[in-house]
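S.K.: Fit chains B and C to the known structure of chain A by using the hints.
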Amino acid sequence: MGPMAEFTRRGLIGTAAALAAPALIRPAWAAETVKLGCLFSSSGTMANIEGRLNYVVRMAADQLNAKGGVNGRQVEVVTSDPASDWPLYAQIGRQMLQQEKVAALFGCWTSVSRKSVLPVVEQNDGLLFYPLHFEGEENSKNVVYVNSPPASSVLPAVDYLMGSEGVSAKRFFMIGSDYVWPRTINKILKGYWASKGIAESAWREEYVPLGFSNFQTLVNQIRTFAAQPGGQPIVVLTVVGSSIPDFLREFANQGILATDVPILGLDMVEADLEGLDTTKLIGHLNCWAYLQAAKGERNAAFLSDWAAYVKAKNVPFSADTVIDPMVSAYDSVQLWALAAAKAKSFAVPEVRKAFAGLSYEGPSGYTLTMTGENNYVSRGIFIGSVNEKRGFDVLWQSPDAPKPVPFSPYG
Amino acid sequence: MAELPQPVSFLVRGVRVALALILMVSASMAQAAADPIDRSALARAVCSDGAGLARGADDVVRSAATASADDLAFSGSILRALLDRRLACVGDTSVLLDRPGGSEGRDAATGATRSAAGARSPVLGLRQRGLVETGAGVVALLTGASTAQRSAGLATLERRAAAVPEADTILERARAAETDAVLRAAIVQAMQAAALNAPEPARRRAAIGAIADAPSSAARSRLASLRTDPAYAADPAFKAALDAGIARVERAVTIGDGLALSYNALSFASILFMAAVGLAIIFGLMGVINLAQGELIMVGAYAAYGVQEAFRMVAPGLIDLYLVAAIPVAFLASAGVGIVVEALILRHLYRRPLMSLLATWAVSLFLINLVRVVFGSQNLQFGMPSYVSGGVPLYADFIVTWNRLFAIAFAAVTLAATLLILKRTPLGLDIRAVTQNRDMAGALGIRTRRVDRLAFGFGSGLAGLAGVALCPIYSVNPGMGATFIVDSFMVVVLGGVGTVVGTVVAALGIGGANVLIEPFYGAVAAKVIVLVGIIVFLQRRPEGLFVARRRR
Amino acid sequence: MSGAADSLPSPVNARPRRSAAWLHEPLLVGILLLILAACLVLVGLKPAPYVVNTIGQLAVFAILAVSLDLIWGYLGILSLGHGLFFAIGGYVCAMHLLSHAFSATGVAPDFVQFMGWKTLPAYWAGLTNAPYALFLAMALSGAVAFVFGFASFRSRVNGVYFSIISQALVYVAMLLMFRNDTGLGGNNGMTGFPLLFGYPMGSAAVTTGLALASLGALAAVLVGTRALVAGRIGRRMLACRDDETRLRTLGYGTTRLKLGIWCLSAMIAALAGVLYVPQVGIINPRVLAPDLSIEIAVWVAIGGMGRLGGAVIGAVAVNALKFWLSAAMPEAWPFILSGLVLVVVLALPNGLLDFASLRTKPTWLRNGGGR
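Protein chains in written order, with the working numbering: chain A, 19 to 429; chain B, 187 to 738; chain C, 648 to 1018.
This is chain A alone, in the form it adopts within the complex (with noise of 0.2 Å):
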């Protein structure tokens, strides 16, 4: 018994030893650069679409780093796998700003993992960058909320279908994953279709748990909820992860197309057609803050720089896909270091500081900006509708970016 017990006393105090080490992995370089962390997972259910983001956030870092870096320090990304386990996301966060000490976070896709880093960034006074559009009704000093609340990016869209240059849409199939962020946009736009004067049974809605493949009797219900009269119907469809193509492969099969009953994809990225074959699907609608069809130079050159970024560091993401939360999340590091030269600082509060009057051209075609009101970021609005590329052809921009609305007056 007793070597046994020395055995596994040595052992609890090497994983002691184990617990300390990430502090002591750098030590040597750690004075002369300012870190960034990265909380996206590259295992687990978001896998597929939020490990890109990892990579962008060091392409971007590579760029600041190429020329001079920021403040006269280089700039280190440290990335991590959390797993899609929200928890740990909390956990690594606080891991990040305590022992790494990282200047900013850049992370979260899904909502409960931005709410699960959200006690964790407001009890150290950290930085999150939050890459996502997403529910709103939000509003902490402690996160650049970097994509677009609803009220400013959803509605728009859902005006343009209801518009003559849509289809003149009077009724709508909500169908959604169950959690909030559905939930949330299904509510303001039940709301939003109330004040229009639409009536209740104009509208019908519909929830699957997350990773829900199975669509075959939800595409019939479509189909029997658009054969019945009272206008032309829509699908809301704010379904998430795998059960975007899922869903996208039976409603093409049975036969309904675009110009039957859209669908208003709003998670909809580039990066869900992947695996499908477009051409039953032209015509189908998504809208976001950035779309890889964006006219302009600055988004060939970013759409170039990723091409050669994936092919030099053998990234394992397509090289031609680029999809919104990609783009915001490399403008979340320009604008982070735009405000940490403006600052003349890393130190979190004066950063913040300097998000008033933020101004700076992405990718997007449109010139980001930030107001010392909230942390909000104005962005343009795109309308994309599906080619038979698997991407996405711009059907609608906004004229500018318009100022973002956290909290909507519809829910």
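What the hints contain is simulated information worked out from the structure, not anything from laboratory work.
Fair warning: there could be bad hints in the mix.
Unchecked claim - Pulled a few chain A residues facing chain B out of the computed Cβ check, cut under 10 Å:
1) G229
2) K298
3) D418
4) P420
Keep in mind that this is a model prediction, so the values were computed, not measured.
Positions of the beta carbon are idealized from the N, C-alpha and C atoms, including for glycine.
M.R.: For chains B and C alone, kept in the frame of chain A given last:
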């Protein structure tokens, strides 16, 4: 009219215009007697703004009833090219390309060869797309070279009848020109249905009958809306015809919905069966809970992807056959992985089933991450051959989707083959013997370890087949297997360990119950109710539905 | 089956012990001393909050592992649904924290606003009271365990069947909690706890207090379970694990024994959940994912099942590695974990403690092995 020689046609048109002027009929009448389609205007319109494009397409639809065949063919080529992304705009000149993204094509108006450098490709908004689709459909109905093209055009026209003001004239023209008897009958039926708002009561009643002959929930709404029609209250014959028509459609829709429900249940059950059958054999034989079964499905799907890529490189002409060719490859790939796992790991754990459970969990973690590192975590791109994409409307609202039918057929064949192997081959005999009484089988000289390995390989291979069956239905990525694990264990345990028939019955039961409950309480609740039901059932009867004959 | 089982030493000496039996387990004494040392370090040296928090979480995972080891290592019943009891504790604790915050600040929790409710539902009544919340967590977890265990053990659901059914149970619970209509925050779960007993969450005092409480609870659980397994009941448990049929034939009822230990194990897991939530600041249905419940079994297997100390070592080692490698070598962690499991399963049959008493388990083979 289209067949008339040019001078005569011109004469007729001239007379019409004169008549119109003299009689001072309405403007729409004048439009009906349209001039020939203005080709250069159309070629310009498609390259102007969205409104212009919509007008251009609408003009084609409006003049289709009278325009010459040449004009129609011309408009058709432009509209088709728009839909196929083969139309490029250089300034306001439209250029037709041979293929999307081609570098040069012909000028639509002049026919001259033109470079498409710097050209833009117009993006159709939903309204424009609807009009262009309608226009292309009408043109296809009138001038399509093959019966298939013309009947596709007819389908489009029927779908968008509301957007085509001259539908009956167009249908009449199509009927007159149609040579195919079946298609002509379909056109006649469409004409009858289009007469729903005709002035003559008899034609209206015939229209109701014609609509009821092609029942669907759309037809039901269309007929039901007539109940507010003044004739419904005034004309008893009309009322009787309408009520009978609606009743007929409703009956048909109910039957169609029932068929759809059964089909959904069957296809879901097939998926469950495919995912579970390999597990059932492994679990029944060895008592090993193989938590890596889902990942073996994933391996099968990745093998199918590999076959597709190989076809793409070596025999691009035969690419549509890759799914069939993938069947043996996926089986062997998964079976190979299974045999390696068995030989390296599970062999040492047969006396410790709970440890083998943890070991297979580790294997599944390893496989997921290995595939993720090698292939990346994005969904794989499968080109879907025509036999697994799309579907065909069979009756009322019931559509048979090919990918699901593929899965059902696949499951049926797998079931037959599995039963055949288990009941009719020496290996099957050995497997059954070892499943029933391992010690006795060993005493009779059966090399039980070898049987274990082969059976494990066989069960794994079946998981690989599930991967092939699933890739037309679900997205293929490293994490795809994880979603099946709880469901397939429920199938195996509910069915009764060691019986393939039990697995089939359990899959049918679970699939059916899920599909039946889903419309009422939603997908989540359906799953919860079914699982709770199984848990309660298993606690009353742990051995499952069917008890395999065996000695312990 | 194999004669080896009889000749190998039993993990617990077969002779009856004196009341201070646990003192005869050096491994356990070592761990208790380490816990004491950790407490002294927390109080005396005041390490960085991150380290404090990590120590607290590791202690929680160790409690969870001990709860599973009690039922798996000593009774041979592998639950793949222990995440359920952990979650019950966590959810009740989160409800306490939120209703406490609501009564202190007057701001309704996120999900209450989002579901369009005005105030907390009626069944939250009284949860502001911490002792009641703790009681509720334990009672609820015990009750759920009782119902499930009663049904299962009475019908002699054993071995892998029990594992599969318990996995289905936790999976069903996950699906239910993912639904927003179930209440309790759906997929987002509950988060944003500002206060603990009136003190601001995240302050050094609260973090240290929580870590100390977790270590204290771990020590108490270890001493208590050790006293249990070293006594008369413990011997009956091992007998039941090794050959339930023989035990029954000899006239001992096993259902009550199994049911009692099963409920106790569930309540210990709930205690871990209670301590877990204020330290990570979030509870959501992820803890109900079947994967997590399997992972608990992995900790126990790696540490060495059938020894309470082994469970502690496994939980601490695996989670410390996970925290470290998820950040330091994110790509390598899953490979290291799967490799670790395979090595342990194949080469170290009883985990990091190379302890050979459990090499064969006839009962499992008979009832679950299908031969």
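S.K.: Flag every earlier hint the structure violates by its number, smallest first.
M.R.: Hints 3, 4 not satisfied by this model.
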